[in-house]
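Construct the entire structure; sequences and hints are all you get.
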Amino acid sequence: GAVVSQHPSWVICKSGTSVKIECRSLDFQATTMFWYRQFPKQSLMLMATSNEGSKATYEQGVEKDKFLINHASLTLSTLTVTSAHPEDSSFYICSARRGRETQYFGPGTRLLVL
Amino acid sequence: DAKTTQPNSMESNEEEPVHLPCNHSTISGTDYIHWYRQLPSQGPEYVIHGLTSNVNNRMASLAIAEDRKSSTLILHRATLRDAAVYYCILRETGANNLFFGTGTRLTVIP
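As given, the protein sequences belong to chains A and B, one line each in that order. Heads up: the first sequence begins at 1 in the numbering used here, then just goes up one per residue. Heads up: the second sequence begins at 115 in the numbering used here, then just goes up one per residue.
Read the hints as simulated data drawn from the structure, not as lab findings. Where is the CB? At the ideal position from N, CA and C, for every residue including glycine. Be aware that one or more of the hints could be misleading.
Quick list of simulated restraints, FRET-style, between CB atoms [said to hold, decoys possible]:
1. A/E52 - B/R219: 31 to 37 Å
2. A/P107 - B/K183: 32 to 38 Å
3. A/L76 - B/N122: 35 to 41 Å
4. A/T82 - B/E180: 48 to 54 Å
5. B/R191 - A/G16: 47 to 53 Å
6. B/P131 - A/L112: 35 to 41 Å
7. A/G99 - B/T119: 28 to 34 Å
8. B/P154 - A/T82: 27 to 33 Å
9. A/L112 - B/M124: 29 to 35 Å
10. B/R219 - A/G61: 23 to 29 Å
Listed below in structure tokens is the structure:
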């Protein structure tokens with residue numbers, strides 16, 4: 001299957017700082033990328049969908065000014081958690097898809113905000 | 115998105131076949147049935163998908179009921195590395211994203 005990478009794999013930061021997570025599709029051009037969040041013992045929750053060169057579409061209840069998504073190229077999307085707080089601590093997972101094909105997921109980034 | 119229903123958990127002995135059921139009684143004609151699995155502390159991994167006919171790949175087989183209201187993911191010989199949460203998801207043709215339910219947590223007993 002296709003390979004999607006994320007960086008960093010884990011990050012610890014102080015409350016109030018911003019954190020950027022990168023998602024790359026390594027062997028295909030992703031027309032659409034997705035960001036999910038997963039809290040312990042829970043399922044994945046879709047945060048937003050982005051198409052290359054367009055503004056992201058956020059799911060209800062997800063603050064677009066807090067979770068900044070940039071999809072500047074067909075192989076890279078970034079999620080910036082601005083002014084992170086302890087309640088933002090979670091497992092963030094990106095996903096990428098080319099056209100209507102299968103959706104592939106990255107390994108996830110664990111964020112801990114102290 | 116049409117809803118799927120899966121058992122919360124299942125157990126299997128190592129090296130035995132595993133049949134993971136999924137009910138999707140409100141499936142529409144254009145919904146594909148996708149299966150993903152998530153190992154601990156990892157992102158979901160694509161397993162298999164199908165529309166009407168049964169499907170086989172190197173990881174698993176997907177058996178789809180004739181009325182498409184249910185499907186079964188079949189792991190032919192469970193290994194310890196197959197212990198994961200398995201998600202059955204419906205996605206309409208051309209729809210943009212996948213919505214995850216609670217899945218089935220598979221425990222493989224050595």
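Each hint tested on the structure:
Taking 31 to 37 Å as the suggested C-beta distance range, the pair A/E52 and B/R219 conforms, at roughly 35 Å. Range check, A/P107 to B/K183: Cβ separation about 34 Å, and the 32 to 38 Å hint holds. In this structure the supplied range 35 to 41 Å holds for A/L76 paired with B/N122, their Cβ-Cβ distance being about 37 Å. Checking the proposed 48 to 54 Å range against A/T82 and B/E180 shows it holds: the Cβ atoms sit about 51 Å from each other.
Separation of B/R191 from A/G16 is about 51 Å and conforms to the stated range, judged on CB atoms against 47 to 53 Å. With their beta carbons about 40 Å apart, B/P131 and A/L112 fall inside the hinted range of 35 to 41 Å. Between A/G99 and B/T119 the CB atoms are about 30 Å apart, so this pair conforms to the stated range of 28 to 34 Å. The hint said 27 to 33 Å for the Cβ distance between B/P154 and A/T82, and at roughly 29 Å that hint holds.
A hinted range of 29 to 35 Å holds for the C-beta pair A/L112 and B/M124, which are about 32 Å apart. With their beta carbons about 26 Å apart, B/R219 and A/G61 fall inside the hinted range of 23 to 29 Å.
Checked against the numbered hints given earlier, this structure breaks none of them.
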